[in-house]
Every structure is written in structure tokens, then in C-alpha cells.
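Undergrad: What follows is each chain in one-letter form.
Number of protein chains: 2
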Amino acid sequence: MSRVVELGGLRMGSAEVASAVEALVQKRRSIRDYVQEPIGRDLILEVLSLAGRAPSAWNLQPWRFVAVTDAAHRETLQAAAFGQNQVGRAPVTVVVYSDMVDTLARIDSVLRADLAPEAKAKTRQSIIGFFETLTDSQRDQWGRAQANIALGYLLLILEAYGLGSSPMLGFDAVQVRSLFGLPDHAEVVALVAFGRPAEEGRASQRHEVASLVRWA
Amino acid sequence: MSRVVELGGLRMGSAEVASAVEALVQKRRSIRDYVQEPIGRDLILEVLSLAGRAPSAWNLQPWRFVAVTDAAHRETLQAAAFGQNQVGRAPVTVVVYSDMVDTLARIDSVLRADLAPEAKAKTRQSIIGFFETLTDSQRDQWGRAQANIALGYLLLILEAYGLGSSPMLGFDAVQVRSLFGLPDHAEVVALVAFGRPAEEGRASQRHEVASLVRWA
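For the protein sequence lines, the chains are A and B, in the order given. Per the working numbering, residue 1 is the first one in the first sequence, and the count goes up by one each step. Per the working numbering, residue 1 is the first one in the second sequence, and the count goes up by one each step.
Watch out, some of these pointers could steer you wrong.
Since the list gives no way to pick out one identical chain from another, each pair is judged satisfied if it fits inside one copy or across any two copies.
[As the list claims (entries may be wrong)] Within a straight-line C-alpha distance of at most 20 Å, the following computed SDA-like cross-link-like pairs (lysine to any residue) qualify:
| id | residue 1 | residue 2 |
| --- | --- | --- |
| 1 | Lys27 | Ser49 |
| 2 | Lys27 | Gly201 |
| 3 | Lys120 | Leu60 |
| 4 | Lys122 | Val35 |
| 5 | Lys120 | Ala203 |
| 6 | Lys120 | Thr135 |
| 7 | Lys122 | Glu208 |
| 8 | Lys27 | Ala15 |
Hints were generated in silico from the structure; no laboratory data involved. Just so you know, these numbers come straight off a predicted model, no measurement behind them.
Start from the sequences and build out the full structure, keeping to the hints where you can.
TA: This is the structure we're talking about:
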């Protein structure tokens, strides 16, 4: 791996880039306590915009976000998250959700711009045809699964920005939807608290990779 | 962001790390043609091991992988993927799947080692209690969604290693399970072809982040 690549204005060997990302992955831990200082909207938009660069099937990008920074909203969100402390301690908690109705209403804007009109119409029809074979619930589960690709991106991106994070699945989805006026079909995928870390976090064990992999 | 962090033996400012990862995210594209050279098992295990560092609810790590490198298996997998060229062109295609039966059989090894025995028993019981409220199909969909967090990690990690990739949802899951002897309850989450890129790939559009975010 001797290529030299331009990354963010740096000339780094690709082995160095691999090492840097490996180190980010290895050092990331869930963080429950945060420095009590706000995170600006520009930075929040920057990390969410990068998370939104994740690939998705047909480029549908079913992920949506509520960025919760207001003190009163953080408090009610913490209650909807069964009181988990990190929602109260973090300057931002992002509600990651998927909205397949909005997603399918935007198909035209995600089709490749260089496609001829008839190719566009064909792709559009095959996407719609696929979702017609699913129940609404299956469609929404599909959106949830795809939105988790962007969640994986988001967690690594936050780490790269020096921000600690805590993804959570423990919350009352009905309450969360109601708090932020999300439609009933919205799938709440995760809450992600983030901010400057005020603790190291705890290491957590992973399965030996050899026990997860088959060869063929 | 003036911290200096040690990453992979480099001393980089954290702003540099953020720029490097931002550049990786921005330049990643789906790759359909690959340099015809094998990727070693050590490298495959390294990227899959890093992907397996992704966080998951209760640290359950429901993701599993079949790494397909053998020429005959790649050919049959390509057929099960509706003939998509990248499966034939890439030196490796990884079948990312989730297996909730195996996942739940391994609960004890993912619980925090520092927990007292009674705390371990309580956590174990609350995990099992949660899955008892789900049908088998809901349980398997849960595993599929969580496995996509590791998929997001994997795609960024491959890019950092200078490897192009193409995640695919188009395949016959029954055939894929049968080809590799995966159990019926396994959810095939995605196929990911990867290798040294032999093309630039095409840029694809993303929604304006402001159209995906609400503030609260």
C-alpha cells in the first residue's frame, strides 16, 4: 500500500490513512458524560451531512434526523429514553429515524442525473414495484435497516471529530415521535448523544473475528 | 479542535484526523471493476475484525460474514446476485448476514466482564425477556438492522485501506443461504464486493442535509 493520497489537504500514505482509521475504530467507546458546552449548529450539520454520504439501496437515503439541543427538549427526551443520563449530559442528542413515505416521495431527486428519461422511468418503476410487494410495516423496517448504515458512518465520523457518542436503542418510540411531531410511519432507529467527552468510557469485548467468518 | 492525538503511531492534530475522514467519506463511490489480484486472508480478517468493532445494542454483535474468494463460489454467488458484474470482477465478495440464534447463544461472552454475577444474570434476563416479546421474524429483522451498523463501518474502513467496494441488496437470499449452508433464520443483510479499484466510480447525489434535519 504505497499509494500517496490527498486527504483533506494532507498528503498521507494510504497505509497511514488505514492506521489512522484503525486507531479511531479501536479507541471508540460509548461515552456517558460530556463537557458542558454547546456544539454549534454548523458542526452538527457537518457531521450529519457526512453521515448522509453513506450509500443506500437505490441511493434512497431513508435516514432523517432531529437534532435536540434545547434544554427543555433534552429533558423531555431523557424522560422518553427511560431517564438515561447521557441524554441529559450531552449537549446534543440526535434522533435518527427513517421516513419511507418522504423517501419514496423524493425518488426523482436521487436517480442518476445522467440517465436518459426512459431509463429514469424504468428505474423509478422498479423501485416502486419493489415496495408494492411489501406491507407498510415491511417497508418501514426496510428503511430502519438502511438508516443504520448511516448510523455506522455517523459514529465513526463523530470519533474522527473528537466527539464522544452514545447510541441508544432504549426509548419509548411513541413518545419520541410525539415529542417532535414525527409521523406514525416514522421508525425511530436510534438516539445518539454526543459532545466533547468528559470521561474515557469503558472498553467492551468483541467476539474473535475468526468466530464470525466462514470462508468459501 | 487543537488536541493532538496518537493515531496509529502518527501524531496528528484532531482537525487533521477529521479532515482525513471527511475526505474518505466524500470520495467513496461504489466500484464495479477491480484489479484482478487476490486479497489475502489476513487483510480480509483485518477489515472484518475492525467492522466488528461497531457498537450494537447490548453489545450483541449479531453480524456474521462469509468471505467468498474461490473462483467457483464467486461464479455461483454472481448467479444468485442476478448476474451483477461486480461479484465476478471483485477478488472478494463478503456476504454480510445476521444470525440471532447464534447471537443469543453467545450472550454470556458479551456481558461486561466486571459485572457481579447477579448483575450479569439480571442483564442476561432482560435481554432474553426483550426477545421473548418478539416473533422470530421480528427478532431476525432486529438482527438485520443492527448488522447494518457494522456494514457502515466496513464500507468506510475499506475506503481507508484503499479498497473499492460495492454493497448490494440485489440477490436471492434463499439461494445465498443454500450456497453457503447458512441456517434458514439467517438474514442476508448485504453482499459487499471489494478489491483494488480499477475504475473511478460514479458520483451519486445526496439530499441537502438541511432537508433531512429538524431542530428541537
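Undergrad: Take the hints in turn and mark each one as holding or not.
TA: Evaluation of the provided hints:
{"no.": "1", "hint": "Lys27 <-> Ser49", "in the structure": "between (23 Å within a copy, 14 Å between copies)"}
{"no.": "2", "hint": "Lys27 <-> Gly201", "in the structure": "within (10 Å within a copy, 31 Å between copies)"}
{"no.": "3", "hint": "Lys120 <-> Leu60", "in the structure": "within (14 Å within a copy, 41 Å between copies)"}
{"no.": "4", "hint": "Lys122 <-> Val35", "in the structure": "neither (51 Å within a copy, 31 Å between copies)"}
{"no.": "5", "hint": "Lys120 <-> Ala203", "in the structure": "between (48 Å within a copy, 17 Å between copies)"}
{"no.": "6", "hint": "Lys120 <-> Thr135", "in the structure": "neither (25 Å within a copy, 39 Å between copies)"}
{"no.": "7", "hint": "Lys122 <-> Glu208", "in the structure": "neither (45 Å within a copy, 25 Å between copies)"}
{"no.": "8", "hint": "Lys27 <-> Ala15", "in the structure": "both (18 Å within a copy, 17 Å between copies)"}
The structure fails to meet hints 4, 6, 7 from the earlier list, while all remaining hints are met.
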